[in-house]
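Colleague: Residues are numbered in my numbering as their position in the sequence shown, beginning at 1, plus a constant of 311.
Hints may contain errors.
Once the Cα atoms are required to be at most 20 Å apart in a straight line, the calculated DMTMM-like pairs of lysine to aspartate or glutamate come out as [unchecked claim]:
id: 1; residue 1: LYS326; residue 2: ASP368
id: 2; residue 1: LYS326; residue 2: GLU314
id: 3; residue 1: LYS326; residue 2: GLU353
id: 4; residue 1: LYS313; residue 2: ASP337
id: 5; residue 1: LYS313; residue 2: ASP334
id: 6; residue 1: LYS313; residue 2: GLU343
id: 7; residue 1: LYS313; residue 2: GLU340
id: 8; residue 1: LYS313; residue 2: GLU330
id: 9; residue 1: LYS313; residue 2: GLU328
id: 10; residue 1: LYS313; residue 2: GLU358
id: 11; residue 1: LYS313; residue 2: GLU332
id: 12; residue 1: LYS313; residue 2: ASP359
id: 13; residue 1: LYS313; residue 2: ASP339
id: 14; residue 1: LYS313; residue 2: GLU335
No wet-lab data here; the hints were simulated from the structure. Since we're looking at a predicted model, the values are computed, not measured.
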Amino acid sequence: MKESLMDILCDPLDKSELELEVDERDGDEILEGRLIGTVTGEVYPIEDGIPNLLPPDMRDD
Numbered sequence: 312m313k314e315s316l317m318d319i320l321c322d323p324l325d326k327s328e329l330e331l332e333v334d335e336r337d338g339d340e341i342l343e344g345r346l347i348g349t350v351t352g353e354v355y356p357i358e359d360g361i362p363n364l365l366p367p368d369m370r371d372d
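Model the full structure from these sequences, guided by the hints.
Modeller: Put into structure tokens, the structure is as follows:
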């Protein structure tokens with residue numbers, strides 16, 4: 312995902328801001344990492360450049 316998406320992404324549970332933690336990047340593309348809800352503390356993984364913003368109870372582990 313592109314870091315510029317952070318301007319429009321929000322926590323799907325409460326619409327609060329998300330904090331970005333990057334594990335792997337290729338230029339301006341974030342390949343691996345996580346988005347963390349600043350209020351809920353919920354963690355949303357970024358895998359292969361794709362953020363998974365499904366609520367926790369709807370995700371396959």
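Colleague: Tell me, which hint numbers fail for this structure?
Modeller: none
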